[in-house]
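Next come the chains, spelled out residue by residue.
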Amino acid sequence: MAPELFSLGQTAISAHAFNANRTQVAVSLNSNEAQIFSRRGYEWIPTETLSEHDKVITSIDWAPSSNRIVTASQDRNAYVWQPSPDGSWKPTLVLLRINRAATHVRWSPNEDKFAVASGARAIAVCHFDPENNWWVSKLLKKPIRSTVLSVDWHPNNVLLAAGSADSKARVFSAYIKEVDARPPPTIWGSKLPFNTTCGEYPSPAGGWVHSVAFSPSGDVLAFASHDSSITVVYPAGAIHNVKMTSLPVVTLTWTAEDCIVAAGHDCQPFVFSGSAETGWQGVGTLDDTSAVHRSATRPGVGPGRLKSGAFATFQAADSRGQSSTADASDTKLLTMHQNTITSVRPYESAGGFVTRVSTSGADGNLVIWDVNEVSALTGKIGGLSMR
Amino acid sequence: MDGAFRKIDIDAYDEDVLHEEELYDADPRGQAQVLDEAKQRQVAVRSALSKSDIAGALSIVLENAPYGPTFDDAKVVTLQTVFTILSSTKSTEIPNVLKALTQEEQDTLMKYLYKGMAALGGDVSGSVLLDWHEKLTEVAGLGCIVRTMTDRRTV
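Here the protein sequences come in this chain order: A and B. Under the UniProt record's numbering, the residue at position 186 of the first sequence is numbered 186, and the numbers go up by one with no gaps. Under the UniProt record's numbering, the residue at position 7 of the second sequence is numbered 7, and the numbers go up by one with no gaps.
Be careful, since some hints might not be right.
Only pairs whose alpha carbons sit at most 30 Å apart, straight line, appear in this in silico DSS-like list of lysine-lysine [said to hold, decoys possible]:
| no. | chain 1 | residue 1 | chain 2 | residue 2 |
| --- | --- | --- | --- | --- |
| 1 | A | Lys138 | A | Lys191 |
| 2 | A | Lys55 | B | Lys7 |
| 3 | A | Lys243 | B | Lys99 |
Now the stretches of chain A that chain B is said to cover, found in silico as 3 or more residues with beta-carbon under 8 Å [unchecked claim]:
| no. | segment |
| --- | --- |
| 4 | 200 to 213 |
| 5 | 235 to 248 |
Label-pair distances were calculated between CB atoms; the ranges are [stated by the list, open to error]:
| no. | chain 1 | residue 1 | chain 2 | residue 2 | range |
| --- | --- | --- | --- | --- | --- |
| 6 | A | Ser190 | B | Ser50 | 55 to 63 Å |
| 7 | B | Thr70 | A | Asn132 | 49 to 57 Å |
| 8 | A | Ala376 | B | Ser50 | 39 to 47 Å |
The hints are simulated quantities; they were obtained by calculation from the structure and are not laboratory data. Quick caveat: nothing in here was measured; it's all calculated off a predicted structure. No residue lacks a Cβ here, since even glycine has one placed at the ideal position from N, Cα and C.
Let the sequences and hints guide you as you build the complete structure.
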């Protein structure tokens, strides 16, 4: 199936989250409001606006079974939104007790907790206290040394992975005795009181860690860092590192136990595959930039952004003395996304595998990709550099 | 408007401030040892160059390159050694030399190219560095440049 592209706005999308049956999507268009769009055929119609935050919303997550939305914002707050019978959404303020912006939020698999990463060198793990009828937060602090940029839950509802700007990815226990049963031992450890650090993994060349994700089984951890690399950690021993020749990826998700989709500053989703024994490598991209319908309209323009727009204009003026104004279409990238992809999330699953993923980015576009339509990257990564 | 407040070192008032050296693991070797190794490498590189084994010479100098704030003397020696290799390589040989290096070595070489561009003059010319830079980027991609910029283990 060809990728589906939806333009939701002219501004950057800072976060997106689909509901369980994918008829609605909550996005933040880089503002203090979250928009809910509903699908009508091939269009997304804005239906609701969630406005309570004072500053830009940085992250949104939609719990599939309990149908609640949580939003985190630079105003240091999080809100949990519950649907009312009349179709509107009722906000509940969460006291996070952090003194810097909240950067990322994710519901736990059982949807009874959520974790909020923040610039306060802390992660707030929140659960509902029915006696007082509010959300209580407990802070994971040690040994985080800088802003936490992303979190991801282990399927056992207890372990939490976090990627941080101190260039380390960590695995913590976020065990809350009020909500969690004693977890069975995992490969990450057996005794798991709150704030146990089960693992700490540095990025290979000191890049801050943009994104972390547990594999579907929870036995493997992957993270993307700003040194243009992704690292796959098998806690029993092997740590595999893929150094890319392209610009850094800032977001990644597992689609199967041996497959990762990652995207970022190169505006296209890359596919990586491997295992503990064979190691990991990039296998291709989901964005077929060589597709006839796109390349035919722009002969002579190679893939990558360097030959586009202003660069090509000045190069033509310099090497051939042409000063004609460049065709307006030349400012368009060959990729589907026209700017950095900031979020990639699983969209649809079948038989335990993610079959489609959704991406959103700084260009205001939302794209849904078929994970199995990988086109080879041969020569293209090199081409992305200067050619 | 008075902008003096912008120059206040706010980190001085933060008890829990993150220091540069906490961001990477320090080189465990001693200062004298590193300087010694750098000088030994200089000799090894000369003998490799006399056999015109450029890739071998680069591998020798790029392995375990000194980094961090304490090895200034060793860094100077190593930088000179790298420059010797760079300027004694024919432009046409460069792509094959670069392809023979490991990814790790390519990243380290990029660090030296940028260090060289930051301190031009003396025994190396800008055109040599730019030539190497262009060809290294063709082989190792933009990712290599990004790693050079992110890595705090400066050479």
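query = Holds or violated: 49 to 57 Å for the Cβ distance of Thr70 of chain B and Asn132 of chain A?
reply = About 54 Å separates the Cβ atoms of Thr70 of chain B and Asn132 of chain A, which means 49 to 57 Å holds.
query = Can the restraint linking Lys243 of chain A and Lys99 of chain B be considered satisfied, given a maximum Cα separation of 30 Å?
reply = 15 Å, holds
task = Can you take a look at whether the segment 200 to 213 of chain A is actually covered by chain B? Rule is 3+ residues, C-beta closer than 8 Å.
result = holds (count 5)
key: Straight-line alpha-carbon gap Lys55 of chain A to Lys7 of chain B, limit 30 Å   = 27 Å, holds
ask   = So does Ser190 of chain A sit 55 to 63 Å from Ser50 of chain B, Cβ to Cβ?
value = 60 Å, holds
message = Taking 8 Å as the Cβ threshold, is the statement that the segment 235 to 248 of chain A is covered by chain B upheld or broken by the three-residue rule?
response = With 6 residues close enough to chain B, the hint holds.
message = Can you tell me whether the CB distance of Ala376 of chain A to Ser50 of chain B sits inside 39 to 47 Å?
response = Once the Cβ atoms are compared, 43 Å apart, the range 39 to 47 Å for Ser50 of chain B and Ala376 of chain A holds.
query = Lys138 of chain A and Lys191 of chain A: Cα distance at most 30 Å?
reply = 19 Å, holds
Checked against the numbered hints listed earlier, the structure breaks none of them; every hint is satisfied.
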